[in-house]
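K.L.:
Sequence:
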Amino acid sequence: MRNKLASALLIASIFVWGIWCGGQVFNELMTVPKWSASPPESLKAYDALPSKGGLPFFPIFLPLFVILAVGAAIAAWKSARCSRIWLALSAATSLVLFISLVFYLAPLVQSMFQHSIAGDLPAADIVAGVEQWKLGNRVRLIVELFGFIFSIFALRVWSAENASPNERAG
262 MRNKLASALL IASIFVWGIW CGGQVFNELM TVPKWSASPP ESLKAYDALP SKGGLPFFPI
322 FLPLFVILAV GAAIAAWKSA RCSRIWLALS AATSLVLFIS LVFYLAPLVQ SMFQHSIAGD
382 LPAADIVAGV EQWKLGNRVR LIVELFGFIF SIFALRVWSA ENASPNERAG
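Residue numbers (the working numbering): 262 to 431.
Source of the hints: derived by calculation from the structure; they are not laboratory data.
Warning: the hint list may mix true and false statements.
Claimed, not checked - In the SDA-like style, the derived pairs of lysine to any residue whose C-alpha atoms are separated by at most 25 Å in a straight line are:
#, residue 1, residue 2
1, K339, I321
2, K295, L323
3, K295, V418
Said to hold, decoys possible - Pair by pair, the computed Cβ-Cβ distance ranges are:
#, residue 1, residue 2, range
4, A385, A269, 48 to 54 Å
5, G397, A349, 21 to 27 Å
6, A349, P383, 28 to 34 Å
7, L266, I410, 20 to 26 Å
8, P311, R342, 51 to 57 Å
9, N423, G279, 44 to 50 Å
10, G284, Y365, 16 to 22 Å
11, Q393, A306, 33 to 39 Å
12, G283, Q393, 22 to 28 Å
Fair warning: this is a prediction, and the values are worked out from it, not measured in the lab.
Glycine included, each C-beta is placed from N, C-alpha and C at the ideal position.
All chains, please: the whole structure from these sequences, using the hints.
P.N.:
Below, the structure written as structure tokens:
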């Protein structure tokens, strides 16, 4: 039963890591260039754009991929041997990303938008803040891609370790 749960969590974790990474690559290539083109004006213009429907990607998937990565590591740990490193790396990466997003990157970009709209911070400071966020976001994206790879390795190695003798022979 525990192995079935671990397998399901590992598979779900990979899917959510993939969706998350794909969404973040899309964001980096398509959305960020629009609002960061010429701060603070581009932030004000982007904020004024109408937004209809859709689900909020960030608050849904960020906790989900952390819960799945950590849950998969916990569920698979007992039967893991060589896969423990990959399970730990996937879970640790998800936690580091969660902390960096919630406590650094999200507040930074939110404050840059707020100051741009309010006009209460010099444009040079807003430009510097946006550039700082863009650098941090690119580093985060690279780390996320590694987390995704770690989760794939975790499933592959853990599955091989826990395959029945019939599955290994075939």
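K.L.:
Does the structure break any of the earlier hints, and which numbers would those be?
P.N.:
1, 3, 6, 9, 11
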